[in-house]
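*Asks:* In the order they appear, the protein sequences are chains A and B.
Residue numbers for the first sequence follow our numbering, beginning at 1 and rising by one.
Residue numbers for the second sequence follow our numbering, beginning at 1 and rising by one.
Everything labelled a hint here was simulated from the structure, so no lab data went into it.
All residues carry an ideal CB built from backbone N, CA and C; glycine is no exception.
Be aware that one or more of the hints could be misleading.
[Claimed, not checked] Between beta-carbon pairs, the in silico distance windows are:
1) B:G45 with A:K56: 38 to 44 Å
2) A:G79 with B:V89: 23 to 29 Å
3) B:L95 with A:I113: 35 to 41 Å
4) B:G110 with A:Q12: 22 to 28 Å
5) A:G109 with B:A107: 41 to 47 Å
6) B:I113 with A:K8: 16 to 22 Å
7) A:R71 with B:V89: 28 to 34 Å
8) A:H94 with B:E108: 32 to 38 Å
9) B:V118 with A:A107: 27 to 33 Å
10) A:G79 with B:L42: 29 to 35 Å
11) B:E23 with A:G45: 29 to 35 Å
12) A:G109 with B:V89: 25 to 31 Å
13) A:I113 with B:A107: 37 to 43 Å
14) B:V118 with A:E122: 44 to 50 Å
Protein chains: 2
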Amino acid sequence: MTERLELKYDEQGLITTVVQDDESGEVLMVAWMNEEALRKTLETGRATFYSRSRKKLWMKGERSGHVQLVRSVRVDCDGDVLLLRVEQVGGACHLGYRSCFFRELDAEGGARIIAEKVFDPEDVYKK
Amino acid sequence: MTERLELKYDEQGLITTVVQDDESGEVLMVAWMNEEALRKTLETGRATFYSRSRKKLWMKGERSGHVQLVRSVRVDCDGDVLLLRVEQVGGACHLGYRSCFFRELDAEGGARIIAEKVFDPEDVYKK
Numbered sequence: 001m002t003e004r005l006e007l008k009y010d011e012q013g014l015i016t017t018v019v020q021d022d023e024s025g026e027v028l029m030v031a032w033m034n035e036e037a038l039r040k041t042l043e044t045g046r047a048t049f050y051s052r053s054r055k056k057l058w059m060k061g062e063r064s065g066h067v068q069l070v071r072s073v074r075v076d077c078d079g080d081v082l083l084l085r086v087e088q089v090g091g092a093c094h095l096g097y098r099s100c101f102f103r104e105l106d107a108e109g110g111a112r113i114i115a116e117k118v119f120d121p122e123d124v125y126k127k
Numbered sequence: 001m002t003e004r005l006e007l008k009y010d011e012q013g014l015i016t017t018v019v020q021d022d023e024s025g026e027v028l029m030v031a032w033m034n035e036e037a038l039r040k041t042l043e044t045g046r047a048t049f050y051s052r053s054r055k056k057l058w059m060k061g062e063r064s065g066h067v068q069l070v071r072s073v074r075v076d077c078d079g080d081v082l083l084l085r086v087e088q089v090g091g092a093c094h095l096g097y098r099s100c101f102f103r104e105l106d107a108e109g110g111a112r113i114i115a116e117k118v119f120d121p122e123d124v125y126k127k
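Construct the complete structure from the given sequences, taking the supplied hints into account.
*Replies:* And the structure:
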């Protein structure tokens, strides 16, 4: 059964988007989309977001080559969050980790690194 | 190695929080925390959020009994998104599904239900 769906973009026209590795289930990153980013993502099959700091669209991996090949797009009950399931080429995190969530909090507010780097950002982003 | 960490709350004092099933890896929901919600979550081990519509703290499962027992809290590279890994009692979604992401988008903007309900919301939320 298919229903038409109204997504709820926020007052800036953005929707929170979680990106998950389709194979391992690892949560890779969270980013934001506007309507155009979602349309491009669906059209091209490559995850494309809206950068709130640079105020423009960016395709994940456009500099690093670490693109995200979209396997499915899910939407939550409230229609205000998307979940992309992707095949991640390389690593999702610009700091060199597979996932942006490479640190764990302890009860005292400290953070401990729990992952190994999968690439060297110096090499990937230098050019 | 443990470092002190400054989380980046937004202009409303909130931080986006992804909740993931610690065992299956399923992404269950996305909600928002303020500082107090995070402190309560770390202190009690039960996921507690800030409701943007009701403008108050709520412990997940306070009405339904479908609590989230927190196994770990991760933080992303930018310090502005949290990832809770939890043991989910019952279902995370108030519509009766295990995950709030029970619909998949197609390229034409339609949405298709891809999950089965695990509880009847009429029973759980009626009282």
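*Asks:* Could you work out which of the previously given hints the structure breaks and list their numbers from low to high?
*Replies:* Violated: none.
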